[in-house]
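Peer 1: In case you want the letters, here they are:
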Amino acid sequence: MISLSVNGDNHELDIEPETPLLWVLRDELGLTGTKYGCGIALCGACTVHIDGRAVRSCVLPVSGVKGAVLTIEGLSKDGSHPVQKAWIAEDVPQCGYCQTGQIMAAVSFLKAHPKPSDAEIDAELTGICRCGTYPRLRAAIHRAAALMQA
Amino acid sequence: MGKIEVGRRHFLRTGLTAAGGFAIGVAVPGWAAAAMIDAEPWDRPLAAGGTEIGVWIVIMPDDSIIIRVAKSEMGQGVTTALPMIVAEELGCDWTRVKAEYASANHNFRADGPFGSMATGGSQSIRTSREPLQQAGASARVRLIMAAAERWQVPDAECQAKDSKVSHAPSGRSLNFGDLAAAAAVIHLEREPEIKTPDQFTLIGQPLARLDSLVKVTGQAEFGIDIRMPDLVYAAVAACPVPGGSVQSYDADKVTGRRGVIAVVPVPNGVAVVADRFWRAQQALAALPIEWDYGVGAGTSSEQFRRDYRAALDGEAVLARDDRDVDKELASGKVTEALYETPHLAHAAMEPLNCTARYTKHRLDIWMGTQNAFGTLQQAAKLAGLKSEQVYLHNCFLGGGFGRRSVNDEMVQAVTVAKAIGKPVKLIWTREEDMRQDRFRPQAAIRMKAAFGPDKLPSVLNIRTAVGSIDRSLGRDQVTRGVEQQAVEGFVQPPYRIPNLRVECILKNTHIPVMFWRSVGSSQNAFAMESFIDELAHEAGTDPLQFRRALLQGKPDFLHVLDVLEAKSEWGKARPPGSGRGMAIHEASGTIVAQAIDVVVSPAGKVAVERVVAVVDCGHVVNPRVVEMQIESAVIYGLTAALYDEITINDGRVEQGNFDDYPMIRFADTPKIETHLALSGGIKWGGIGEPGTPPVAPALANAIFAATGKRLRTLPVKNGHLSGHA
Numbered sequence: 547m548i549s550l551s552v553n554g555d556n557h558e559l560d561i562e563p564e565t566p567l568l569w570v571l572r573d574e575l576g577l578t579g580t581k582y583g584c585g586i587a588l589c590g591a592c593t594v595h596i597d598g599r600a601v602r603s604c605v606l607p608v609s610g611v612k613g614a615v616l617t618i619e620g621l622s623k624d625g626s627h628p629v630q631k632a633w634i635a636e637d638v639p640q641c642g643y644c645q646t647g648q649i650m651a652a653v654s655f656l657k658a659h660p661k662p663s664d665a666e667i668d669a670e671l672t673g674i675c676r677c678g679t680y681p682r683l684r685a686a687i688h689r690a691a692a693l694m695q696a
Numbered sequence: 011m012g013k014i015e016v017g018r019r020h021f022l023r024t025g026l027t028a029a030g031g032f033a034i035g036v037a038v039p040g041w042a043a044a045a046m047i048d049a050e051p052w053d054r055p056l057a058a059g060g061t062e063i064g065v066w067i068v069i070m071p072d073d074s075i076i077i078r079v080a081k082s083e084m085g086q087g088v089t090t091a092l093p094m095i096v097a098e099e100l101g102c103d104w105t106r107v108k109a110e111y112a113s114a115n116h117n118f119r120a121d122g123p124f125g126s127m128a129t130g131g132s133q134s135i136r137t138s139r140e141p142l143q144q145a146g147a148s149a150r151v152r153l154i155m156a157a158a159e160r161w162q163v164p165d166a167e168c169q170a171k172d173s174k175v176s177h178a179p180s181g182r183s184l185n186f187g188d189l190a191a192a193a194a195v196i197h198l199e200r201e202p203e204i205k206t207p208d209q210f211t212l213i214g215q216p217l218a219r220l221d222s223l224v225k226v227t228g229q230a231e232f233g234i235d236i237r238m239p240d241l242v243y244a245a246v247a248a249c250p251v252p253g254g255s256v257q258s259y260d261a262d263k264v265t266g267r268r269g270v271i272a273v274v275p276v277p278n279g280v281a282v283v284a285d286r287f288w289r290a291q292q293a294l295a296a297l298p299i300e301w302d303y304g305v306g307a308g309t310s311s312e313q314f315r316r317d318y319r320a321a322l323d324g325e326a327v328l329a330r331d332d333r334d335v336d337k338e339l340a341s342g343k344v345t346e347a348l349y350e351t352p353h354l355a356h357a358a359m360e361p362l363n364c365t366a367r368y369t370k371h372r373l374d375i376w377m378g379t380q381n382a383f384g385t386l387q388q389a390a391k392l393a394g395l396k397s398e399q400v401y402l403h404n405c406f407l408g409g410g411f412g413r414r415s416v417n418d419e420m421v422q423a424v425t426v427a428k429a430i431g432k433p434v435k436l437i438w439t440r441e442e443d444m445r446q447d448r449f450r451p452q453a454a455i456r457m458k459a460a461f462g463p464d465k466l467p468s469v470l471n472i473r474t475a476v477g478s479i480d481r482s483l484g485r486d487q488v489t490r491g492v493e494q495q496a497v498e499g500f501v502q503p504p505y506r507i508p509n510l511r512v513e514c515i516l517k518n519t520h521i522p523v524m525f526w527r528s529v530g531s532s533q534n535a536f537a538m539e540s541f542i543d544e545l546a547h548e549a550g551t552d553p554l555q556f557r558r559a560l561l562q563g564k565p566d567f568l569h570v571l572d573v574l575e576a577k578s579e580w581g582k583a584r585p586p587g588s589g590r591g592m593a594i595h596e597a598s599g600t601i602v603a604q605a606i607d608v609v610v611s612p613a614g615k616v617a618v619e620r621v622v623a624v625v626d627c628g629h630v631v632n633p634r635v636v637e638m639q640i641e642s643a644v645i646y647g648l649t650a651a652l653y654d655e656i657t658i659n660d661g662r663v664e665q666g667n668f669d670d671y672p673m674i675r676f677a678d679t680p681k682i683e684t685h686l687a688l689s690g691g692i693k694w695g696g697i698g699e700p701g702t703p704p705v706a707p708a709l710a711n712a713i714f715a716a717t718g719k720r721l722r723t724l725p726v727k728n729g730h731l732s733g734h735a
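Protein sequence lines correspond, in order, to chains A and B.
Under the working numbering, think of the first position of the first sequence as 547, with each following residue one higher.
Under the working numbering, think of the first position of the second sequence as 11, with each following residue one higher.
Here chain A stands alone, though its shape is the one from the complex:
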């Protein structure tokens, strides 16, 4: 049995230890806000937090999870997290598929960089958005930083 804490709930799961966390979240726990994009940790659609730190869950074996997992479903119930509010205010999502991963990456990033520079965004946020929402993503990250300062 694998023990896993997700969004404050503890689970005992009878699954293969090598199962990637992504598929445990999606298919075992029904938390489909975390997305499958590439399966090789390149695109970031599967980003979740473990003990507050952003990780790409598609290549992380569930047995290797040491800490509490937070997914988009646990970030807020109603989209009221400042990063989500900033995303809405800037109308970031187009197709929206990658955005939950972008949001989880940004929440973790903003903890380390409460007043991020564009260079820091370029260097540390590497998620792919095929709709090309990067200009709005950038604006939303700065807006979220301002909201979180306030």
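Because the hints were derived from the structure by calculation, they are not lab data.
Each hint should be verified, as a subset may be incorrect.
[Unchecked claim] One side only, chain A facing chain B, incomplete, derived with CB under 8 Å:
(1) PRO563
(2) ASP573
(3) CYS584
(4) ALA587
(5) ILE634
(6) CYS641
(7) CYS644
(8) ILE649
(9) LEU671
(10) THR672
(11) ILE674
(12) ARG676
(13) GLN695
(14) ALA696
[What the hints assert, rightly or not] Simulated crosslink set (DSS-like; lysine-lysine; CA at most 27 Å straight-line):
(15) B:LYS681 x A:LYS661
(16) B:LYS370 x B:LYS263
(17) B:LYS681 x A:LYS631
(18) B:LYS428 x A:LYS631
(19) B:LYS681 x A:LYS657
(20) A:LYS623 x B:LYS108
Here the structure is a predicted model, which is why all the values come from computation and not from measurement.
All C-beta atoms in this analysis are idealised placements derived from N, C-alpha and C, irrespective of residue type, glycine included.
Go by the hints and put chain B onto chain A.
Peer 2: Positioned in the frame of chain A, the structure of chain B alone reads:
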């Protein structure tokens, strides 16, 4: 209607300035409001207490309004823009509007009230606007008539606004919800007039999208997110060489594995079904499969490239032939250039997937499709059911770009669901999604021109060898060896060139080809706008002024050029190693010009600094969505132009994921400015695609300006730019 002045309409931009910049019009209170589209967007039975007024509008007892959308939401904003058109006429409170997909099943049963429902070609606004305005106007008039009847006053004394009908002389008013039932049974003798653009109050406003909230919370249901009792999962492998088939497989090798339920043959491939997707995927990887690779085996991109070049010297079919091209070419010095463009994958973020639940009397399908109605009918045929027995629940699409117009994944999922008698969610891995794509056609395009005494080209001869999309899709429209996609942008160029010949050579390989954002314009604009740039340099004329001379008599194009010249600071000198290039192209009824600034390092690395885009789509429904689409189309075009090509080796696609088919990320994203130069009038152009075609030529022209090196083959990464002066 005259031109809308750029100063008034022009709006910036990306980056950090948006705070407050869009705070005009109706403010939608964002996160605090109720969902404005449900997480499950698909059609559902009429909500309890709801009253339909026509097929598009449902009025709820609490005065909230459901507006149906018969197009697919793949990021382009239809679930916001199309309801705006209805609401403009209806006179409802925009903050109480909810969007919902129209039912493809009902469309069949009711003989097509929602039209084709196909979403592509940047057509949604263009084809839906008038009918949706009419639907909104019709409902408004009926609500007014219902109120007037109740009050026994003349209709003309009543007014509909903010989801109320009011009678000013008596100060009375009634909510839409109280009038809906009476209005629904009123039959109009004559449909009311619809508003003209000068009367719009909602259309033209930069309203927030209705689908943002469900997309930032993870609640939005994409096809891949569907869950239901007894659901099983399928992983699938189609023959790695397109057109090949399965010879044999050894199911015994995987049937004992944990969770594995079945191994099921599907057209050109095999699916492994398990209780979890991960288990299905692992078992598929362990399944020994022997393939019959078919006619494509042994082929390569190098061979295709030689073949397409050679085809340019063979027979061609005339798509246009004005005056005497041969004589004109013989009389002057001929400039000639060959442009080559690769196959491209769509690579939507959500890999293709489909969930199917089959019983003898009913088939339910959940997926994201650009073609809900056509796919429903295809699924019925496949399952041996009547179309009215098939329920296609369209989901949010995790990107489309043309790929989700033809649904190979649906065929596989229905095949598996029928075989195993359980609801199944079939998912393509990223690698399967890239390798089993239907790609942008490969093309070789040869341009020839000669100058007249006015130092402008007097003759242009275009010859294109390109894959036929219609043939690849098994359509029968290709009767003369020419198809519209192959020659779009060539046969109706905006430029005044008196002797024009366009020749088409349709040439297919075993690689399936299809619509890729902006279709034929995506490669044809590269050839045309690169060549015009080459001619300008040969004539010793500034490329923008050269185009201006060729566009005399085309005021809409000239206005776009004027705005581009001003906003890009076109004439301003650039430091060494940097360059500015431009292109202009009309696609889907919309003119887009772009100026791109690049810096090329001595090592040959291209950095794109800024893209200025000027757009004439006639009128705009939601300028915010327009700006988003231009940004999106620019990034999509830049990604392809800089990095991407699908190559074939031994008959199979070599690329499989974002490591060998890279994407632009934050660090490579230029500043993008979008400016509107709207010509108004009768023009309503599309917006999802026309931002893409100018990108590749403007980029290549900028690289030429920076380095003196002309790149005639995409992508740029193969261009060997190191050591430029």
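Peer 1: Looking back at the numbered hints, which does the structure fail to meet, lowest number first?
Peer 2: 1, 4, 13, 14, 16 and 18
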